[in-house]
Every structure is written in C-alpha cells, then in structure tokens.
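Sequence order for the protein chains is A and B.
Per this note's numbering, residue 465 is the first one in the first sequence, and the count goes up by one each step.
Per this note's numbering, residue 465 is the first one in the second sequence, and the count goes up by one each step.
Some hints could be false.
Intra- or inter-copy, both count: the list cannot distinguish identical chains.
Keeping only pairs whose Cα atoms sit at most 25 Å apart, straight-line, the calculated SDA-like set for lysine to any residue is [claimed, not checked]: (1) K578 to T565; (2) K482 to V607; (3) K734 to E583; (4) K734 to V637; (5) K482 to N629.
Read the hints as simulated data drawn from the structure, not as lab findings.
There are 2 protein chains.
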Amino acid sequence: MELIRSVRSMQEAALTVKRSARRIALVPTMGALHEGHVALIRAAQNRGAAVVVSIYVNPAQFAPHEDFKQYPRDLDGDLAVCRREGVDVVFAPTDEEMYATDASTWVTESLIAKRLEGERRPHFFRGVCTVVSKLFLICQPDVAVFGQKDYQQWKVIQRMVRDLNFPVEIIAVPTVREPDGLACSSRNRYLDPLERAQATVLYKALLVARDLFNQGEFNAHRLASAMIRAIELAPSARLDYAEVADGETLMPRSEVRRGDVALVAAYIGKTRLIDNLVL
Amino acid sequence: MELIRSVRSMQEAALTVKRSARRIALVPTMGALHEGHVALIRAAQNRGAAVVVSIYVNPAQFAPHEDFKQYPRDLDGDLAVCRREGVDVVFAPTDEEMYATDASTWVTESLIAKRLEGERRPHFFRGVCTVVSKLFLICQPDVAVFGQKDYQQWKVIQRMVRDLNFPVEIIAVPTVREPDGLACSSRNRYLDPLERAQATVLYKALLVARDLFNQGEFNAHRLASAMIRAIELAPSARLDYAEVADGETLMPRSEVRRGDVALVAAYIGKTRLIDNLVL
C-alpha cells in the first residue's frame, strides 16, 4: 500500500494508473475509519479497480463553531485498516497541500443543498462540493463510493457530477449500523456511555416512520410528528429536524410516496447525529 | 477532422486519446472564429498535442439584456477554419447537451472575478468558470489555450485551475490585432464602418497609458484619466471603465508597477468592447 501526501504525486500516480487502462475507485473519507468506511472500501474493490482512500478532514465544510478541531484523527489506525483491507493507495494530504491561503474558487450546488443540512450548516455543502471536486481532479477516479448515511450529501454530489460532467460513476453504499441500530459514524466516538445508549432514538424514530408508512400513513406532517415524538423519548436528545422529503431533490413532501426519504438530525448531549431511511 | 456533438462521445474520444498517452490541447471558443482564435489553435499545435476546439456560445455567461441571441454563429465557417488549420476534433455541443433544465451546480471564483468585468456583468465569471470546468471535464485536456485579450478571464481561470487542482496547464496567447490596432473580437462584426473606424480608441488609450508609464508616470489615477480622455475623443464611444490593476489579482493600484495591467471597456455605439495592455 502506498501512502501519498502531496497533490502532485497523487495526480502523477493517477495518470500512471489511467494510462495502464486500469480503473480507479475513490473512497473519500475524513478518516477515523469505522465499519461504514470498510463497507465503502469493499464496494470499491468489487469494481475490480485500483482503490484510493482519501483521508482528509476538510476545514471548508466546518463552520467556526463546529467540531473541526475535535474531529477524531487517527492516521496510524486508519492506515492499519486500509492495509488490512488491501487498499492500493491512501491519499492523506495536509491542509497546506489542499488549500492555498488565498483560495477563492468554490463549487456550489444550489437546489438539493439548500434545505436540511444546508440550512443548518450554511457552508457545509459548498465545502463538500469543493473538496470532492478537488479530490476527483487529484485522484482521477472512474468510480467514487459514498455512504447512504449522508443521504443529502450523496444526492448533492450526484447532481454536481451530472451538472459539471465529471466522468465519475457515483456508487452509494447502504448505511452500516451497530447491532442496536445506531448508524456507524466517526462522531459516535464523542458519545459517553449514557448518550451512546440513547443515540439509538434516531434510528428508532425512522423505523416508526417506516412502520406508519407501511400501514398506510402518507401524510408527511403526521410522519414527522411521530418521528419527533420518538426522538423526544430520549432525555439527552434535542431535535434538530425530522421530516420526509423527495428522495431525489430533498424537497419537502405533503403526501409521501415510496422512494421518499425520512431524515432526522438530533443532538445527543453535545453530539450532532444524522440518519435517514428510504420509505 | 472529427466533429463531435455529444458530451458522451467527446468524453469517450478524450479517454481514447489519453490511453494512447498522447496529450490533448483544448481551445475553448464561442465560435465566429477570427485571427485571434487561429493564433490560439497554432499555440495548441505547437505543443504537439491532439487539438480540440470547442465551439459553444455559453448562455450561462450572458445576462438577459446581453447579446446571447445576436452573438454571431457560423458553424460552417468555423469548421472550414478548423479544417484548414489541421484541428483534430471540433466539439460543438447543443445547449441541451451542456445544461440540464434543472442544472444547479456552479463554479465561482470570488476574488479576481469580483471587479471590472465581474462588477459590470455579475453572472459572467460564474458562467465562464462553470462552462470551462465542464469543458475541461468533457475534453480532458492536458493544456488549454486562452487569449490575453480576455485578461481578467485568463487570470480567473488560472486561479480556478490552481484552486480546484485541474490537471491542466493554462497557456495565454498575446492579443492579435487588426493592422490599425483594434483587438480581434467576434463582436467586432457588430460595428458599422463609422464605429469600426472609431473602435481603435480603446487600443490608443492603452498606448497612451503605456507611453506615460514608460515616461515615469506611476500614479494610477492619472494614468486612468489619460485613458479616459483618449477614449472620449471618439464621438461614438461611451466609457465603461479604464484603470490600471495588479496583473495577478486585478486589484486596483494607486502606485503602478511593471507587470500591472491597463484595462479598458467601452461601448462603441451599442457594441461593448474590451482591451488591455500589460505595462
């Protein structure tokens, strides 16, 4: 396994692979790798491509008050995971490599990114679209693998790829969950044992919505109310949002259809978690 | 010479060239090819690369009141020029190929693009950055050739390429001028004979500024005033801007240095023309 730290070396390595006619699959991550990431890596390998895992905590997608500084970083642990999984290249650039101090170019998606996470975290998707564009241009993947846990992010990136004509196929891998249903997330490391126990309410709320939908409840407002009540059962939980949206555009729904997606965001203690379930 | 009209065919053709280890040079144009474009094509050929000329009048860089509809279109004439010049591929997509009706992703540069053309034409550089990103991702060039006539555009694109890590080398070709000094531009076709005669004031104003600078006038305000007076000599001319700016960031200067750039924009009748000269 090769560890590459500079943009130039990564671009040269990518060009060499491309000229050999081998495909490249990119798994973009912020490190602190967990079972969810492992599922992404395996999906990339199933494509028979050279697998590049990027590890970069992207400052541009954090607001000043958010957890950029505390975000878990464990390059040695991450490299061990990648080695064990047979990854070909880890691209782990420094901030200096990734952003010039006078960087002034941004990629924005203005429709799918507008609501939900985009409303709560105004610079989030601009940061995501910009860094993913950069990673695509540096690593030159034919395929890139994202987790469905970040559902809105997946849809924003699909739209960006379509609109800008990135020659990259986007694969989304179903959310990997702990045995009790909690979606795997690097931020789960922030939870203390009591919070960890209560963090399952996000998924429980989604299951409530799915059960109601399967029983014939198509009213988006009532489905949202049921999710909110379910989340409020946990004393440590503070709701951010719970709603059902169009599965492609993330626009709000009044009458819910199959393929729509239920999405929740809540603070468990001080940790903000998100989850979703396609109905 | 191959004429390609679809994004997919162009991406496939580019990948084939890339796998053959031959380099690709892109000359992005809006058609209505003139001697300035021919100079770009020849610069591309000098790199020994396969030359792709894109011909696309990009709606995203025109404001509703601007000349998108009237902009000269002459695909047959353009193809004849490209054939004569030994171009390898002409990529001439339709609007439907280039923009989905619900396109929502934009590339913006927020510093160099802010003033001058960006101030007068608020969506211009967003349109330019977005379409150039798309053309880069569709045509996969190793080298792209731009004209120095659009000085600010050149600098915005250089910055964009740096910030987003496009693996593309940007070459800028000096402005090609008519015998009387008027910079070649597709929009010169709008000028009637009287206006055409007066259109030389833009270049004359720039020469005035350069002469004064060479004589030791470093005050940006006085250089701008001299350019304005020179432009006002033409009865058909209406000044838009005339100033000296930092050659890299396009920020305004008070004390002018070598390498700074004098820029003018003026309406000659109803036709808006721009020109520039590095001091």
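Going down the list of hints, with the structure as the test:
no., hint, result
1, K578 to T565, "between (27 Å within a copy, 18 Å between copies)"
2, K482 to V607, "both (13 Å within a copy, 17 Å between copies)"
3, K734 to E583, "within (19 Å within a copy, 43 Å between copies)"
4, K734 to V637, "neither (28 Å within a copy, 56 Å between copies)"
5, K482 to N629, "both (18 Å within a copy, 17 Å between copies)"
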